[in-house]
Amino acid sequence: MALKMVKGSIDRMFDKNLQDLVRGIRNHKEDEAKYISQCIDEIKQELKQDNIAVKANAVCKLTYLQMLGYDISWAAFNIIEVMSASKFTFKRIGYLAASQSFHEGTDVIMLTTNQIRKDLSSPSQYDTGVALTGLSCFVTPDLARDLANDIMTLMSHTKPYIRKKAVLIMYKVFLKYPESLRPAFPRLKEKLEDPDPGVQSAAVNVICELARRNPKNYLSLAPLFFKLMTSSTNNWVLIKIIKLFGALTPLEPRLGKKLIEPLTNLIHSTSAMSLLYECVNTVIAVLISLSSGMPNHSASIQLCVQKLRILIEDSDQNLKYLGLLAMSKILKTHPKSVQSHKDLILQCLDDKDESIRLRALDLLYGMVSKKNLMEIVKKLMTHVDKAEGTTYRDELLTKIIDICSQSNYQYITNFEWYISILVELTRLEGTRHGHLIAAQMLDVAIRVKAIRKFAVSQMSALLDSAHLLASSTQRNGICEVLYAAAWICGEFSEHLQEPHHTLEAMLRPRVTTLPGHIQAVYVQNVVKLYASILQQKEQAGEAEGAQAVTQLMVDRLPQFVQSADLEVQERASCILQLVKHIQKLQAKDVPVAEEVSALFAGELNPVAPKAQKKVPVPEGLDLDAWINEPLSDSESEDERPRAVFHEEEQRRPKHRPSEADEEELARRREARKQEQANNPFYIKSSPSPQKRYQDTPGVEHIPVVQIDLSVPLKVPGLPMSDQYVKLEEERRHRQKLEKDKRRKKRKEKEKKGKRRHSSLPTESDEDIAPAQQVDIVTEEMPENALPSDEDDKDPNDPYRALDIDLDKPLADSEKLPIQKHRNTETSKSPEKDVPMVEKKSKKPKKKEKKHKEKERDKEKKKEKEKKAEDLDFWLSTTPPPAPAPAPAPVPSTGELSVNTVTTPKDECEDAKTEAQGEEDDAEGQDQDKKSPKPKKKKHRKEKEERTKGKKKSKKQPPGSEEAAGEPVQNGAPEEEQLPPESSYSLLAENSYVKMTCDIRGSLQEDSQVTVAIVLENRSSSILKGMELSVLDSLNARMARPQGSSVHDGVPVPFQLPPGVSNEAQYVFTIQSIVMAQKLKGTLSFIAKNDEGATHEKLDFRLHFSCSSYLITTPCYSDAFAKLLESGDLSMSSIKVDGIRMSFQNLLAKICFHHHFSVVERVDSCASMYSRSIQGHHVCLLVKKGENSVSVDGKCSDSTLLSNLLEEMKATLAKC
Amino acid sequence: MIQAILVFNNHGKPRLVRFYQRFVKEIQQQIVRETFHLVLKRDDNICNFLEGGSLIGGSDYKLIYRHYATLYFVFCVDSSESELGILDLIQVFVETLDKCFENVCELDLIFHMDKVHYILQEVVMGGMVLETNMNEIVAQIEAQNRLEKSEGGLSAAPARAVSAVKNINLPEIPRNINIGDLNIKVPNLSQFV
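Protein sequence lines, in the order shown, are assigned to chains L and G. Using this note's numbering, the first residue of the first sequence is number 11, and each one after it goes up by one. Using this note's numbering, the first residue of the second sequence is number 0, and each one after it goes up by one.
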């Protein structure tokens, strides 16, 4: 073994560390991959060694390789090994690697549960911290369930460092294990008022994330947040809260009214741009929610728009960007106030920054009107030409289409212009949005009847022009428009000027280079075209012409029959046969046109995308009911292989056909769905052209309106949309003139009448009459369509599970699963038992839940009413509550921030009672349920104590005397029952500084204890150069940095600004732990203030009690019994009289102060266990009489035991 | 929520890759590449926000980045984060690096990726902002470094990469948020009440 160790450390010298690896990779630029694979082989060797340092080094290197994109999942188990190392250095490496590479699919992750739990309860805050950080990245539903309770406990840890991490990670736990939200929420809420700003900020953070997804559940927190908003000075917190309010106001307009004033004040007063921006954003949200009422609205809008203009005009591009972003929000409800800044926004279109241009585009979307649409689109078209980079150009393209098509083409007055724009857009090379243009063309052609003729002429030109076909494979995007062009030409072929020409264009050999789905449409529409040509020719009596067309079809169609695309091939071969048949008929001089065109008779109506879904289920039709008797379970679950064995076949040959069991049915159904999904003839919800030929009459009644012929129908070649702009201007001018004339006439008539306002010369939107009285056919919906839109919600949304009512009182069944080691009845060791207990406790839960659901529903209603009343009350008080009193008289002033603000007692109380007041009613109602009240009180106490100076409290919390008779499980009594005491005891204090300390043993290092000393600066000076010198005794030595002598002081690693406290930790090595002992020490420091610096000292005595050498260790009753039976323990006992405290609290006190855990508890008698850092077992039997307590102890060292009992006596005597 | 934090140099070599949402490693590399190309195209004097690359998130997400000398620091965040706040957070992170490495340069990040991760862990946890007070962050990191030292460290690693590359040279960037830090020089941002 020793040899192995030596060998290990020698090997170690030749290992590469991370730096060597990086250097190596940099030196092998040519054959990097080879070098790395070599390194990975080395790492694999290193991982096989026993030395944990070697492993950790290897894992560290793997983390680096992971970043470079190498797979390290194979090392998951080694990572866990390193995570479980005792040294922090290694542990940290392990957790880092895990956080980078583990995920829910990592199967070994379930092995980590116990390790993480151990680390979470580690005495070293950094072990805990590292575990929390790691867990936050790879928490799974299982881990969340198993560890939720442990993490919840950490939310009340003494160290703010741990508290804030525990609070933050709760969000991840909620996401993975939504059941934990309700039990944990009260504590989370408490943390909103945590004295540490970091913890507070974390709690705000978590609640904001939660509320963002399900805002309505958090409305009741509004008063609390409002208070925070008016009192907090931390901008990070303020921003989060203000953002949260932005999410809440849409649900409660009255909240918005209340917010406007403080927010406006903030806007005026703050100099922090980020805060200003968020305030503006929330004010906008408020204004949106308050769409009516409130006369002074316009002032707020003006303020916002004004501030945003300042942002947009700023030279800082970031502010400009955000200004535009916020502007677009105002636009939705108050377009008028934004439209006045059109100049500014058009100017932004020329900005060199693409992000800003995109934002400006967004704004333009909302600013268009009938009047300026053409102008804006014209400007955008020039940008399209200039644009570099396809993404921006694509964005422009989609924006143009969005702008034009918004709200059912509301702003388009001339659809010919729009079609020309679309055709112009097809000249864009390399765009991805060909299908968008195509969809628009189809949509317009189908829905605007008046435009069809023009559309068809443009589309046939498109089909004819070569530019789309050329090298279509490279510019695959844009050829999508041919899909639309072909379809339109086919469907509305009666409008074609030269159908024969178009037909030839569609049958060109080049067409076969197009994508399959487009070819398929070509083939289909070629026939439509053919049908209409036949009709024309036959009517004109040109039999030869008709035959020539047929011949053309027969000649050209085979090129499609050879297509590799199934759809094309199938359609083409069908049609080819059809045409050949027609040819035969034609040869016999049979008129065929009528029958051929009957193939495509009927007109197409647009169908709303959701129409199919909304067909109501007819009355009396139950879709879930069985049509036939359901097959029995035994048959359907028959999973035997269905191989064709003769015997089986013979046994029940007749049943076969009817035996389509459930699985089979499901499979078929699935297959059918698949088939339908792939079948273009099924109507899908996509906007692609839906083929639905309606034979029903009733199309005739749709009025087709005459086209205003003042606009020329045919623009030679590809039309330039600009021409339309000119024409449009002229047209409008004419209209105006006419109107003016009319007006004048009227005026003359009314000259003696009263003046009319309508005669003002401004031209409003309504005055512009569209060029064509366009009839936009509305989309069809089935009769009695259901109006619901609920199907839009995504059922897989992970946040949906967190939509939980948080104001209901907690039910017993909802408690977090606490890791139970054993049942009191059965005394077995845990390994086999744990899963069983969990299973047992889980099942009844569900039943219970169902039982309680009804009850709860009733309560829910009541609760909701209550809640509403409370909120109403808060919202109805018109004057906003006076901001909380100015923060504590902290000894110093100035802009220095304070790490730990000690809240003065009364303010804290005030705050609490205020918060409590709102809930009192609700709680009063269900006192018999587990109300959170006692906890709250305790918490309040805790706060008081802290402010009193962290002295040990001797008072006992009221209302926790329940459950005295119940047996208690292993481990410390439930965390919630813990008396509110701080484990920190006063060490020394003077006018400058207060020292409190806590001594903890560590199991990992034999005979070492960690002393955590909290130093609090009570003066107005900065304390620096602090040094701690402790006089070592023979028995106890302080661990000093290497190279320093016994007499040197150990520096305190921080400085203390006024009012700040911080913690330093020191390790002491103890030889013998059987006796308590004291060490003398001195803290020296320099106090520096404006007047100068002074050198100060503070003496203290470190008291190492025997209890501080004990470590809370759980023990199972079977092991405990064995220990007692073994007989090598010495015994001693004490008795204390005059105790009035409940047994429960008594045990809690012993657990807390003397680091014991309860093994078993029956009535007023309990056995307890603990272990010293040097491995002494200590067993206690605690019995409670009327007014007395007796403690019998057994321990492997009698001196230790008697000393311990003495200490315990002192503690108990205080009770 | 912060979706991802990426640090890469002017040539797109990753120096720190931290995803808070699961992606398979191929996608991760692709995201890094794509983000790099998106960011590289941008001049230094245009805005620091980019609307989502196609890979991370949808329209709800933004890339917020800063460019220091040879390094890009890119945060991908959703709409629950304040844009200007994140810009400041990046600055806090970089200043913290500067403190912990004493005049940080790219080489420090190259050779001490693990340490950079440890520093980041004190700033952002699981995608949420953990601490913004630089002194607090530095104090915690130093405490952990001491703890590591007391354990003898991982190995006798070379103390620091010898700086041959130019320092990042932290520019004085005007703060948008008044973080209330002790040592960060905030150009007279008065507190509001």
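There could be a bad hint or two in this list.
What the hints assert, rightly or not - Computed cross-link-like contacts, DSS-like style, restricted to lysine-lysine with a CA-CA straight-line distance of at most 30 Å:
{"hint": "1", "chain 1": "L", "residue 1": "K1034", "chain 2": "G", "residue 2": "K148"}
{"hint": "2", "chain 1": "G", "residue 1": "K40", "chain 2": "L", "residue 2": "K58"}
{"hint": "3", "chain 1": "L", "residue 1": "K1224", "chain 2": "L", "residue 2": "K1132"}
{"hint": "4", "chain 1": "G", "residue 1": "K40", "chain 2": "L", "residue 2": "K1090"}
{"hint": "5", "chain 1": "L", "residue 1": "K339", "chain 2": "L", "residue 2": "K409"}
{"hint": "6", "chain 1": "G", "residue 1": "K114", "chain 2": "L", "residue 2": "K1034"}
{"hint": "7", "chain 1": "L", "residue 1": "K39", "chain 2": "G", "residue 2": "K24"}
{"hint": "8", "chain 1": "G", "residue 1": "K40", "chain 2": "L", "residue 2": "K409"}
{"hint": "9", "chain 1": "G", "residue 1": "K24", "chain 2": "L", "residue 2": "K44"}
{"hint": "10", "chain 1": "L", "residue 1": "K388", "chain 2": "G", "residue 2": "K148"}
{"hint": "11", "chain 1": "L", "residue 1": "K54", "chain 2": "G", "residue 2": "K12"}
{"hint": "12", "chain 1": "L", "residue 1": "K1034", "chain 2": "G", "residue 2": "K40"}
It should be emphasised that the hints constitute simulated quantities derived from the structure, not laboratory data.
Evaluated hints:
A hinted pair counts as satisfied when its Cα atoms are at most 30 Å apart, and K1034(L) with K148(G) qualifies at roughly 23 Å. Simply put, K40(G) and K58(L) have alpha-carbon atoms about 46 Å apart, too far for the 30 Å limit, and the pair is violated. Distance hint between K1224(L) and K1132(L) is unfulfilled; the C-alpha atoms sit about 34 Å from each other, more than 30 Å. Simply put, K40(G) and K1090(L) have alpha-carbon atoms about 65 Å apart, too far for the 30 Å limit, and the pair is violated.
Straight-line distance between C-alpha atoms of K339(L) and K409(L) comes to about 17 Å, which keeps the hinted pair within the 30 Å bound. For a cut-off of 30 Å, the pair hint linking K114(G) to K1034(L) stands: about 28 Å separates their Cα positions. Taken as a hint, the K39(L) and K24(G) pair is honoured in the structure, with Cα atoms around 22 Å apart against an allowance of 30 Å. Proximity of K40(G) to K409(L) is assessed by CA-CA distance (about 23 Å); at most 30 Å being required, the pair is judged to hold.
As the CA atoms of K24(G) and K44(L) are separated by approximately 20 Å, the hinted pair is consistent with the 30 Å bound. A threshold of 30 Å between alpha carbons decides the hint, and for K388(L) with K148(G) the separation of about 68 Å lies outside it, so the pair is violated. For the given pair, K54(L) sits about 26 Å from K12(G) by alpha-carbon distance, which is consistent with the 30 Å threshold. At most 30 Å may separate the alpha-carbon atoms for a hinted pair to count; K1034(L) and K40(G) exceed this at roughly 48 Å.
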